[in-house]
Amino acid sequence: MELNREEDARFLVHHQVTEKKLLHLEKGVRKLGFQSGGNRILAGLLMASVMGLAIGLVFDGMVARTFSAIAVVLFLIFAAGVYSIFKAWFDAKKTIHLQYEAGKKDMNYDWEYRFFDDCYEVIGKNEASRVCYSNLGRILEFTGMLVLVEKGNVVRYFMEEDVEKGTAEELREFLERKSGTKTEFVSVR
Amino acid sequence: MEPLFAVRMTHDEDMYYNQVLASKQSAPAEKPGKKNFLSRVDLSDVIFGLLAFFVFYMTFPAEELAQRIVQSALMAGVFVLVLGQLNGNRRREKQRIAPDADERNQAEMIMESSGLAGEPCTVSFYEDSFQLENPGITTSYRYKGVSWIKETEQYYMIFWTRSTVIPVEKAGFYRGTPSQFKAFLEKKCQKTIMKAR
Numbered sequence: 001m002e003l004n005r006e007e008d009a010r011f012l013v014h015h016q017v018t019e020k021k022l023l024h025l026e027k028g029v030r031k032l033g034f035q036s037g038g039n040r041i042l043a044g045l046l047m048a049s050v051m052g053l054a055i056g057l058v059f060d061g062m063v064a065r066t067f068s069a070i071a072v073v074l075f076l077i078f079a080a081g082v083y084s085i086f087k088a089w090f091d092a093k094k095t096i097h098l099q100y101e102a103g104k105k106d107m108n109y110d111w112e113y114r115f116f117d118d119c120y121e122v123i124g125k126n127e128a129s130r131v132c133y134s135n136l137g138r139i140l141e142f143t144g145m146l147v148l149v150e151k152g153n154v155v156r157y158f159m160e161e162d163v164e165k166g167t168a169e170e171l172r173e174f175l176e177r178k179s180g181t182k183t184e185f186v187s188v189r
Numbered sequence: 001m002e003p004l005f006a007v008r009m010t011h012d013e014d015m016y017y018n019q020v021l022a023s024k025q026s027a028p029a030e031k032p033g034k035k036n037f038l039s040r041v042d043l044s045d046v047i048f049g050l051l052a053f054f055v056f057y058m059t060f061p062a063e064e065l066a067q068r069i070v071q072s073a074l075m076a077g078v079f080v081l082v083l084g085q086l087n088g089n090r091r092r093e094k095q096r097i098a099p100d101a102d103e104r105n106q107a108e109m110i111m112e113s114s115g116l117a118g119e120p121c122t123v124s125f126y127e128d129s130f131q132l133e134n135p136g137i138t139t140s141y142r143y144k145g146v147s148w149i150k151e152t153e154q155y156y157m158i159f160w161t162r163s164t165v166i167p168v169e170k171a172g173f174y175r176g177t178p179s180q181f182k183a184f185l186e187k188k189c190q191k192t193i194m195k196a197r
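These protein sequence lines map, in sequence, to chains A and B.
Numbering follows the working numbering, in which position 143 of the first sequence is assigned residue number 143; successive positions increment by one, without gaps.
Numbering follows the working numbering, in which position 122 of the second sequence is assigned residue number 122; successive positions increment by one, without gaps.
Note that these hints are calculated values from the structure, not bench results.
Note that CB positions come from ideal geometry on N, CA and C, so glycine has one too.
Errors might be hidden in some of the hints.
[Said to hold, decoys possible] Take a look, some chain B residues computed to stay more than 12 Å from chain A by CB distance:
#: 1; residue: Asp14
#: 2; residue: Leu21
#: 3; residue: Glu64
#: 4; residue: Arg96
#: 5; residue: Glu103
#: 6; residue: Glu133
#: 7; residue: Lys144
#: 8; residue: Glu153
#: 9; residue: Phe173
#: 10; residue: Thr177
[Stated by the list, open to error] Okay, derived cross-link-like pairs now, SDA-like style, lysine to any residue, Cα gap no bigger than 25 Å in a straight line:
#: 11; chain 1: A; residue 1: Lys125; chain 2: B; residue 2: Ser124
#: 12; chain 1: A; residue 1: Lys21; chain 2: B; residue 2: Gly145
#: 13; chain 1: A; residue 1: Lys31; chain 2: B; residue 2: Gln106
#: 14; chain 1: A; residue 1: Lys104; chain 2: B; residue 2: Arg142
#: 15; chain 1: B; residue 1: Lys170; chain 2: B; residue 2: Tyr126
#: 16; chain 1: B; residue 1: Lys170; chain 2: B; residue 2: Phe5
#: 17; chain 1: B; residue 1: Lys195; chain 2: B; residue 2: Tyr174
#: 18; chain 1: B; residue 1: Lys144; chain 2: B; residue 2: Glu2
#: 19; chain 1: A; residue 1: Lys104; chain 2: B; residue 2: Ser129
#: 20; chain 1: B; residue 1: Lys144; chain 2: B; residue 2: Thr164
#: 21; chain 1: A; residue 1: Lys87; chain 2: B; residue 2: Val46
#: 22; chain 1: B; residue 1: Lys24; chain 2: A; residue 2: Tyr100
#: 23; chain 1: B; residue 1: Lys195; chain 2: B; residue 2: Leu21
#: 24; chain 1: B; residue 1: Lys24; chain 2: A; residue 2: Trp89
#: 25; chain 1: A; residue 1: Lys125; chain 2: B; residue 2: Lys191
#: 26; chain 1: B; residue 1: Lys188; chain 2: B; residue 2: Ser163
#: 27; chain 1: A; residue 1: Lys31; chain 2: A; residue 2: Lys94
#: 28; chain 1: A; residue 1: Lys178; chain 2: B; residue 2: Glu119
#: 29; chain 1: A; residue 1: Lys94; chain 2: B; residue 2: Trp148
#: 30; chain 1: B; residue 1: Lys188; chain 2: A; residue 2: Glu2
#: 31; chain 1: A; residue 1: Lys21; chain 2: A; residue 2: Val186
#: 32; chain 1: B; residue 1: Lys24; chain 2: A; residue 2: Ala92
#: 33; chain 1: A; residue 1: Lys93; chain 2: B; residue 2: Trp160
#: 34; chain 1: A; residue 1: Lys94; chain 2: B; residue 2: Thr161
#: 35; chain 1: A; residue 1: Lys182; chain 2: B; residue 2: Ala117
#: 36; chain 1: A; residue 1: Lys31; chain 2: B; residue 2: Ser163
#: 37; chain 1: A; residue 1: Lys27; chain 2: A; residue 2: Val155
#: 38; chain 1: A; residue 1: Lys104; chain 2: B; residue 2: Pro120
#: 39; chain 1: A; residue 1: Lys27; chain 2: A; residue 2: Glu112
#: 40; chain 1: B; residue 1: Lys144; chain 2: A; residue 2: Met1
Please work from the sequences and hints to get the whole structure.
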């Protein structure tokens, strides 16, 4: 595949994969998933548990016992949910660390992104892709990180500070215009 | 430049199903010998049992503590046994009717989320690289970056990374043959192709 000339690119990005960036991406993806329902489920469980306990306190006898039991069970499920979120995060952290260390030996961590008028090119050590903007399904911004989700479940990402030609703001607007999608913002600490 | 081998395929359920099969690590062989009771106990059963015990303990009206504990423990035991039996029956029935249902479901999910269902794609193999062409995206790979290669009945699956797989359908060759291709790929990538199933 013949690549376009670098100097013709409207925007240029040099991105090096680091463990910090991988963790940032993981946090963003996690938060994005959680926003789509996880937080509502946990809040619902907690509220139902509190209501059950309140009913248990107001009434006496069998009714009180039943509602207290349900409230405790719901609270346990809530606690298990919170625990599983933390466990999943620590497991992901461990996996990212291991994968990053394992990938170090291949040194396949340097990427260049060239954005032209009709397509963009992604160049790595052993691979190069040319992507039409119509292939861009979603544009995400995880506080300082731009994430491009392409058809075929391909995710590309880089920090806004990695943009070398043009600015991150201009690039985001350019991508929105070219792909016809709006950027979704996710706050990541 | 003309490719040495070229394959035309469609993003269909079979392609993703074969990908799921090839992605699976072969399960370690189960050691023979008797299993003790504790190793057969499932953690979810224990959690269910404890929750059931707690609910029965809170709701049973018996005044005497020992009686309440025994009643609750017995009821929780029966509850877990019945639930386990029902789950086991359902799993066995599902396995009997469709042994590959889980893999098929997973394949369908991946295909739908990819947004490429029904789209054509081509893979062309040259002397020092190979190229995958999907609508709107072309990617060129060097052979030395290939991690491993697996073979199913219908496909060769070239694993670029753990999550990036390049499928090559054996029935889709319009340049070269699958048997010539296998030897070529093993030589170029310096890898042995492993059978997936």
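Here's how the hints hold up against the structure:
no.	hint	verdict
1	Asp14	17 Å, holds
2	Leu21	18 Å, holds
3	Glu64	16 Å, holds
4	Arg96	32 Å, holds
5	Glu103	17 Å, holds
6	Glu133	9 Å, violated
7	Lys144	6 Å, violated
8	Glu153	24 Å, holds
9	Phe173	21 Å, holds
10	Thr177	25 Å, holds
11	A:Lys125 to B:Ser124	20 Å, holds
12	A:Lys21 to B:Gly145	23 Å, holds
13	A:Lys31 to B:Gln106	23 Å, holds
14	A:Lys104 to B:Arg142	18 Å, holds
15	B:Lys170 to B:Tyr126	17 Å, holds
16	B:Lys170 to B:Phe5	11 Å, holds
17	B:Lys195 to B:Tyr174	23 Å, holds
18	B:Lys144 to B:Glu2	21 Å, holds
19	A:Lys104 to B:Ser129	23 Å, holds
20	B:Lys144 to B:Thr164	15 Å, holds
21	A:Lys87 to B:Val46	20 Å, holds
22	B:Lys24 to A:Tyr100	22 Å, holds
23	B:Lys195 to B:Leu21	10 Å, holds
24	B:Lys24 to A:Trp89	23 Å, holds
25	A:Lys125 to B:Lys191	19 Å, holds
26	B:Lys188 to B:Ser163	22 Å, holds
27	A:Lys31 to A:Lys94	18 Å, holds
28	A:Lys178 to B:Glu119	22 Å, holds
29	A:Lys94 to B:Trp148	24 Å, holds
30	B:Lys188 to A:Glu2	22 Å, holds
31	A:Lys21 to A:Val186	15 Å, holds
32	B:Lys24 to A:Ala92	20 Å, holds
33	A:Lys93 to B:Trp160	23 Å, holds
34	A:Lys94 to B:Thr161	18 Å, holds
35	A:Lys182 to B:Ala117	24 Å, holds
36	A:Lys31 to B:Ser163	21 Å, holds
37	A:Lys27 to A:Val155	15 Å, holds
38	A:Lys104 to B:Pro120	35 Å, violated
39	A:Lys27 to A:Glu112	23 Å, holds
40	B:Lys144 to A:Met1	17 Å, holds
Of the numbered hints stated above, those contradicted by the structure are hints 6, 7, 38, listed in ascending order.
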